[in-house]
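**Student:** Construct the entire structure; sequences and hints are all you get.
Below, each chain spelled out in residue letters.
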Amino acid sequence: EADIYQTPRYLVIGTGKKITLECSQTMGHDKMYWYQQDPGMELHLIHYSYGVNSTEKGDLSSESTVSRIRTEHFPLTLESARPSHTSQYLCASSWGGVLGYTFGSGTRLTVV
Amino acid sequence: RKEVEQDPGPFNVPEGATVAFNCTYSNSASQSFFWYRQDCRKEPKLLMSVYSSGNEDGRFTAQLNRASQYISLLIRDSKLSDSATYLCVVGGGSQGNLIFGKGTKLSVKP
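Residue numbers (our numbering), protein chains in the order written: chain A, 1 to 112; chain B, 1001 to 1110.
Simulated from the structure, these hints should not be mistaken for laboratory data. Since the structure is predicted, the reported quantities are computational estimates derived from the model, not experimental observations. None of the hints are false.
In silico lysine-lysine, BS3-like type, Cα no more than 30 angstroms apart, as pairs:
(1) B:K1045 / A:K57
(2) B:K1079 / B:K1042
(3) B:K1102 / B:K1002
(4) B:K1042 / A:K18
(5) A:K17 / A:K57
(6) B:K1002 / B:K1105
(7) B:K1109 / B:K1079
(8) B:K1042 / B:K1002
(9) A:K57 / B:K1002
(10) B:K1102 / B:K1045
(11) A:K17 / B:K1042
(12) B:K1109 / B:K1045
(13) B:K1105 / A:K57
(14) B:K1102 / B:K1079
(15) B:K1045 / B:K1079
(16) B:K1109 / B:K1042
(17) B:K1079 / B:K1105
(18) B:K1042 / A:K57
(19) B:K1102 / B:K1042
(20) B:K1102 / A:K57
(21) B:K1105 / B:K1042
What the simulated footprint calls covered on chain B by chain A, stretch by stretch (three residues with Cβ under 8 angstroms from a Cβ of chain A suffice, anywhere in the stretch; the number is not a length):
(22) 1033–1042
(23) 1045–1057
Even glycine gets a Cβ: it sits at the ideal position worked out from N, Cα and C.
**Tutor:** Listed below in structure tokens is the structure:
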């Protein structure tokens, strides 16, 4: 049973809307990550956090922003959604990465 | 050179076949190694960690060669349910993050 939860699972939204993708984990992990993945393509790290009040940009430039006010919560926000943001967004967490990452089920975002 | 490189695939094999995936990594200081499995339109899931001495989990065997910076995954007696994309993952990236390979797609046919 997953201990990292993402909501919503699917989201279809109009261009220009502000959206927040939720990610919560109950494992007490210090590190959390956001990945973007298009169908059949590789994972791209867009944001990560090493703990409360820590956020860093990943390898792939993204117009999204993140916050880490609580250990268990790492939401991702798009201020103005565009069709180019259509993708799957995967959240993950870990204890320092040594034991690997645990992924949430993902949010499949479609911007029309 | 990419940090983690995998066989391009796809691998199309019959049930019962033995299939091997290879992976090379560029950072000689890497300390942790994993194989993940990702089903179509699902999240990646940890298949197994890879240890220096090699390790086995049922039909799956992982090997690590630090000198060659090479990791392998062997699947014996392939099942239809093994069809998925297999991701080679290496620790020790910038800020200690894991580096994911692009993945190799496996399709097991009846």
